[in-house]
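Colleague: Note that the protein sequences, when read in sequence, are chains A and B.
Sequential numbering of the first sequence, starting at 65, is according to the working numbering.
Sequential numbering of the second sequence, starting at 5, is according to the working numbering.
Keep in mind the hints are simulated off the structure, nothing from the lab.
A quick note: this is a predicted structure, and the numbers were derived from the prediction, not measured.
Warning: the hint list may mix true and false statements.
Taking lysine-lysine and the PhoX-like style, the derived pairs with C-alpha atoms no more than 25 Å apart in a straight line are [claimed, not checked]:
hint: 1; chain 1: B; residue 1: K51; chain 2: A; residue 2: K346
hint: 2; chain 1: A; residue 1: K808; chain 2: B; residue 2: K51
hint: 3; chain 1: B; residue 1: K91; chain 2: A; residue 2: K808
hint: 4; chain 1: A; residue 1: K505; chain 2: B; residue 2: K54
hint: 5; chain 1: B; residue 1: K69; chain 2: A; residue 2: K808
hint: 6; chain 1: B; residue 1: K81; chain 2: A; residue 2: K519
hint: 7; chain 1: B; residue 1: K33; chain 2: A; residue 2: K954
hint: 8; chain 1: B; residue 1: K91; chain 2: A; residue 2: K503
hint: 9; chain 1: A; residue 1: K953; chain 2: B; residue 2: K33
hint: 10; chain 1: B; residue 1: K69; chain 2: A; residue 2: K503
hint: 11; chain 1: A; residue 1: K761; chain 2: B; residue 2: K33
hint: 12; chain 1: A; residue 1: K505; chain 2: B; residue 2: K33
hint: 13; chain 1: B; residue 1: K81; chain 2: A; residue 2: K351
hint: 14; chain 1: A; residue 1: K350; chain 2: B; residue 2: K81
hint: 15; chain 1: A; residue 1: K961; chain 2: B; residue 2: K33
hint: 16; chain 1: A; residue 1: K476; chain 2: A; residue 2: K392
hint: 17; chain 1: B; residue 1: K91; chain 2: A; residue 2: K955
hint: 18; chain 1: A; residue 1: K519; chain 2: B; residue 2: K91
hint: 19; chain 1: A; residue 1: K808; chain 2: B; residue 2: K87
hint: 20; chain 1: A; residue 1: K517; chain 2: B; residue 2: K91
hint: 21; chain 1: A; residue 1: K1032; chain 2: B; residue 2: K87
hint: 22; chain 1: A; residue 1: K503; chain 2: A; residue 2: K411
hint: 23; chain 1: B; residue 1: K81; chain 2: A; residue 2: K517
Pairwise CB distance ranges, derived in the manner of DEER restraints [stated by the list, open to error]:
hint: 24; chain 1: B; residue 1: N52; chain 2: A; residue 2: D829; range: 37 to 43 Å
hint: 25; chain 1: A; residue 1: M862; chain 2: B; residue 2: N52; range: 32 to 38 Å
hint: 26; chain 1: B; residue 1: R50; chain 2: A; residue 2: K761; range: 33 to 39 Å
hint: 27; chain 1: B; residue 1: I29; chain 2: A; residue 2: N911; range: 41 to 47 Å
hint: 28; chain 1: A; residue 1: K761; chain 2: B; residue 2: M5; range: 37 to 43 Å
hint: 29; chain 1: A; residue 1: Q690; chain 2: B; residue 2: I29; range: 32 to 38 Å
hint: 30; chain 1: A; residue 1: N697; chain 2: B; residue 2: N9; range: 35 to 41 Å
hint: 31; chain 1: A; residue 1: T549; chain 2: B; residue 2: N9; range: 41 to 47 Å
hint: 32; chain 1: A; residue 1: N88; chain 2: B; residue 2: N9; range: 33 to 39 Å
hint: 33; chain 1: B; residue 1: T19; chain 2: A; residue 2: D425; range: 33 to 39 Å
hint: 34; chain 1: A; residue 1: P142; chain 2: B; residue 2: M5; range: 34 to 40 Å
hint: 35; chain 1: B; residue 1: T19; chain 2: A; residue 2: K1063; range: 50 to 56 Å
Note that CB positions come from ideal geometry on N, CA and C, so glycine has one too.
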Amino acid sequence: MSQELRINNNKFIDQTTRLSFKFNGEKLYGYKGDTLASALLANNIHLVGRSFKYHRPRGIMTCGSEEPNAIVQIGNDPSLTDPNVRATEIELYEGLEAFSQNCWPNVKFDIGGINNFLSPLLPAGFYYKTFMWPASFWEKYEFFIRHSAGLGKSPSKPDPDIYDHKYYHCDVLVVGGGISGIMAAKLSAENNNETLLLDDKNTLGGATIYQNNDCFQIDGTHTNYWLEKEIKKIKNIKNLTIKTRTSLAAYHGYNYLLAKENLTDHLSPDERKGKIRQRLWKIRAKKVIIASGSIERPLIFNNNDRPGIMLSSAIKKFIDFYGVKTGKEISLFTNNDSAYETVISLKKSGVNIVSIIDIRDKSSSKIVKEVEKHNIKIYWNHTIVNTEGYRRISFIEIMKLSDDGSGVIGKKIKLKTDCLGISGGWTPMVHLFTQSGGKLKFRSDDNVFLPDKNKTPSDQISIGSCNGDFDIKDIILNSNRDVKTFLGIESSPFDNLKVESSKEEKKKNIWLLPSDKPIGKTKPFLDFQNDSTAKDVKLALREGFKSIEHVKRYTTTGMGTDQGKLSNMHALGIIAETTGTNMGELGTTTFRPPYTPLTFGAIVGRNIGEFFDHIRKTAMHNWHVQNKAKFENVGQWKRAWYYPKNGETMFEAVQRESKAARESVGILDASTLGKIDIQGTDASEFLNRVYTNAWSKLAIGKCRYGLMLNEDGMVYDDGVTTRLGENHYIMTTTTGGAANVLSKLEDYLQTEWPELDVYLTTVTDHFSTISICGPNSKKILSKVIPDLDLSDQSFPHMSFKNSKINGIKCRVMRISFTGEHSYEINIQSNYAKNVWELCMDAGKDYNITPYGTETMHLLRAEKGFIITGQDTDGTMTPSDLQMDWIIGKKKFDFIGKRSLYRSDTIRDDRKQLVGLLTDDPREILEEGAQIVEKLNQKPIEMLGHVTSSYFSPNLNKSIALAVMKSGKKLKGKKFFVPMENKNINVTVTDTVFFDKENKRLNA
Amino acid sequence: MFIINCPYCGERDQTEFSSGGEAHIVRPKQPTELSDDEWAEFLFMRKNIKGIQFERWNHSHGCRKWFNVVRDTSNDKIHAVYKMGEKPPVNK
């Protein structure tokens, strides 16, 4: 293999450990310590992908998380493949397989590249403008747009990896392990603070760790040597925890932060087995020190996107850290001093520098003088007007800038180069600061947005280059001073460091560099991933977009997976320049979490499969399972839905169960209904206030159905409440409403009526409920509890008795949700399964039939009993439900009473509950189906909808409940229920279909 | 995600609590004597302030007690926490 671009550098790269990997099927080699990007560059591969819109060839541009171009698909296993991975961040491992994205058939020859030639036809907003009409064509456009949308391929099979969450509390969190972060962590930990230091790289030290330039020294040594020693020292501090490969994703209020730790992405597939892939850290820190650094800005000029054009700082890292030359004849294009550091690094490694193009008039700083010693041609006051080279840059064309910098003059010079470093200054990474609620201020000297100290949330500071200090002297001095003040530290080992640096003297900035061609004929890219150019931004402004947020969305600048880390500042600069606004006034777009993409796996952690949500099972659950019940989810409860026998369908099972319950006896597990124990001297008064009907006169030992409203008069919940004693009630609620009803009652007791002596205790889990219903229910109960007097005189409908089963106390209610003679046994849950089996045994001779929720719903619908949440939807008053009888009109007040005669609730054209019968008794309506009167009307008027619908085996016809406008007045009228392929004729009826006289209750 | 100092339990994570909307809205003692407009004022009208807001919170996954919180909605800073029935410790 050719590794002629490698230099001998064993500090960070283990050149004794060779790793093989594949890129687009080609087998290549790199070394341990490489990223995919550095390994590709060492193999002289720059072209790694195609741009999103024009499919232009694109290369590796950066060396970090800001990378817009080099995003690849890792692996092709349908459950493990990972799209949109930045080649600059993924560490090389043995057997890594990566593929270019957004190209077909391959990255070197891409059919989509035709878009590049069509680009004059594809301006900003092209899709919005083009696919608007004719509207009916949308479905055809959509197919093609969807096909070309999106980057990368998502995995198509479930993710087998393990993800984890961890909660962490500390005194001080330091984000970023560059020089200022290392200093802060040391100061903090040595002064008695539990400290956590995070860095997203695998090596601490940021950019200083490979800075071995003579111009920058600390205490007489190169900055990298000094920092290396410091890092060694801090690793031994006992209350300092250091986490590398851990990137801060989000900074929320009250110093709550999320970080993602990568545990196995750098390992070979064999080494990963059984290990946790990623861990999401949920950190609560008393104080936070942000030292997230800065990233270099590109320069915006014609054709600035060719493979081989890279940030100058990236070229420096590739040579100094990874030992990789990014080209053989490199040029640099800059507006500041930092490109000169790259030049010195390259020179040291023997790389040929073609030229330096600097838009400034001159600079006489130390580092520039150092470069001048090497006899390298510097073109002062020049700019690049064009570049050439399709799959790799080959030539640059430069011209002299006019006096005001808005145009170019003189002769064009053409220079051969195979790599171009660009440096447009630095952008502080203020993402985390603004996420936490901090506000930015603008520094016009070098056009940067910085944390505003006066608008910083408490208990945090920003230090180092993310705070706008770019010079090593300033970084050390200010970080030391600010951390000391922040943590209340008197003296520091960094107080008397002797720091030498090269002070940058001159700054010059041109957001959009001029070309000899008119702007319409140029391609100055701003957002490399989304292919938006300076032209697009200007077009958006001409079309009337003013707000930066609107321009962003219209041009898609900054909306790629890199979130515009490189492009946003230039977009702002060009907008400010074009509109004549001050950049500081313009502000920035909002920085939203996460800072870099998070996997869904990390977000959900262990909460998958059976751990996704809590599952509640009744005491009889295993019996239902053994008896082949199908289950239905009701809230978190698993409820037996129906019990199919001998291959029955659901319909058949429910028909059989429903018939058995009415003809002989059925048994239902009703344990999931909410149960609230209510005690206290004011319990009766309390019930009077929360239910619509009267409770004071309910005798001890009696049960009553109650309807509960919201303060707006709408039905909220219902259930039977039993008076157990003078000051003791037990309330039942719906299964789904149990928790909310308890909360609501507690709210009123604590806030509106604290004077009431009432205590509420939830006993839903403590008692299980077995409901036995049907004409033979009495016979079953008399077998299970032989000494209980079940005569109608002693134990009438709507009453309750304390009893015992085999010595175990139980409560028996004679209440009915089916209209049949029925009983409910409430018993301590750990005995319930046993009692259930006793009942089944006792019912053998009577064909006792277990039935599930579906049959329960059918039986109650035959009787016209509502289910809150099914026949009501938060807009139904008792009167709408034809339940005026349950309103205690004489009561002084109850929750929702006043709302029952608001102008809106007394309208008689409200939707009201009705019964519906289909003209063809075999036709079953669909729940949710609309009801109409005139089929030819356009638009057709919807009069209501079906809420409950079943085929009743006991009536041998289909029945339905529905809500309809002015329903109360419609009895006997005919309507249509239009379905996809037919119209069903229906007639409005009474809501009670079965046993209208309630004879069966006492049968 | 803020931290609330429950007056009964102490500092706890926001996830343990549920919000109950604007505080100090007293349920009328005699609703039947109110006009539709007056009742609607109680029933529907809520402030939505950017800045200092008086709110009800419930320690629903803790002691289940309701209490009041003075919170700046612009930065989630909690200025005071006080029990139901107590006077706000800062000017309303």
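Colleague: Against each hint, give a clear statement of whether it holds in the structure.
Modeller: Quick rundown of the hints versus the structure:
1. B:K51 with A:K346: violated (33 Å)
2. A:K808 with B:K51: Between K808 (chain A) and K51 (chain B) the Cα gap is close to 22 Å, so the pair holds against 25 Å.
3. B:K91 with A:K808: holds (23 Å)
4. A:K505 with B:K54: Since the Cα atoms of K505 (chain A) and K54 (chain B) sit roughly 22 Å apart, the hinted pair holds (cutoff 25 Å).
5. B:K69 with A:K808: Given pair K69 (chain B), K808 (chain A) holds - Cα atoms ~12 Å apart, limit 25 Å.
6. B:K81 with A:K519: Holds. K81 (chain B) to K519 (chain A) sits at ~14 Å (cutoff 25 Å).
7. B:K33 with A:K954: holds (16 Å)
8. B:K91 with A:K503: Distance of about 34 Å is beyond 25 Å: violated.
9. A:K953 with B:K33: Between K953 (chain A) and K33 (chain B) the Cα gap is close to 17 Å, so the pair holds against 25 Å.
10. B:K69 with A:K503: violated (36 Å)
11. A:K761 with B:K33: holds (23 Å)
12. A:K505 with B:K33: Roughly 52 Å between the alpha carbons, so the hint for K505 (chain A) and K33 (chain B) is violated.
13. B:K81 with A:K351: Holds: K81 (chain B) and K351 (chain A) sit about 16 Å apart, inside 25 Å.
14. A:K350 with B:K81: holds (15 Å)
15. A:K961 with B:K33: holds (12 Å)
16. A:K476 with A:K392: Distance ~23 Å between K476 (chain A) and K392 (chain A) Cα, so the pair holds.
17. B:K91 with A:K955: Status violated; Cα separation ~32 Å.
18. A:K519 with B:K91: violated (31 Å)
19. A:K808 with B:K87: Roughly 18 Å between the alpha carbons, so the hint for K808 (chain A) and K87 (chain B) holds.
20. A:K517 with B:K91: At roughly 35 Å apart (the allowed maximum being 25 Å), K91 (chain B) and K517 (chain A) break the hint.
21. A:K1032 with B:K87: violated (48 Å)
22. A:K503 with A:K411: Distance ~42 Å between K503 (chain A) and K411 (chain A) Cα, so the pair is violated.
23. B:K81 with A:K517: holds (18 Å)
24. B:N52 with A:D829: 37 to 43 Å: Since the Cβ atoms of N52 (chain B) and D829 (chain A) sit about 38 Å apart, the hinted range of 37 to 43 Å holds.
25. A:M862 with B:N52: 32 to 38 Å: 46 Å Cβ-Cβ, so the 32 to 38 Å window is violated.
26. B:R50 with A:K761: 33 to 39 Å: holds (38 Å)
27. B:I29 with A:N911: 41 to 47 Å: violated (57 Å)
28. A:K761 with B:M5: 37 to 43 Å: 50 Å Cβ-Cβ, so the 37 to 43 Å window is violated.
29. A:Q690 with B:I29: 32 to 38 Å: violated (53 Å)
30. A:N697 with B:N9: 35 to 41 Å: holds (37 Å)
31. A:T549 with B:N9: 41 to 47 Å: violated (27 Å)
32. A:N88 with B:N9: 33 to 39 Å: violated (57 Å)
33. B:T19 with A:D425: 33 to 39 Å: For T19 (chain B) and D425 (chain A) the Cβ distance comes to about 59 Å; the hint is violated.
34. A:P142 with B:M5: 34 to 40 Å: holds (36 Å)
35. B:T19 with A:K1063: 50 to 56 Å: At roughly 53 Å between Cβ atoms, K1063 (chain A) and T19 (chain B) fall inside 50 to 56 Å, so the hint holds.
Of the numbered hints stated above, those contradicted by the structure are hints 1, 8, 10, 12, 17, 18, 20, 21, 22, 25, 27, 28, 29, 31, 32 and 33, listed in ascending order.
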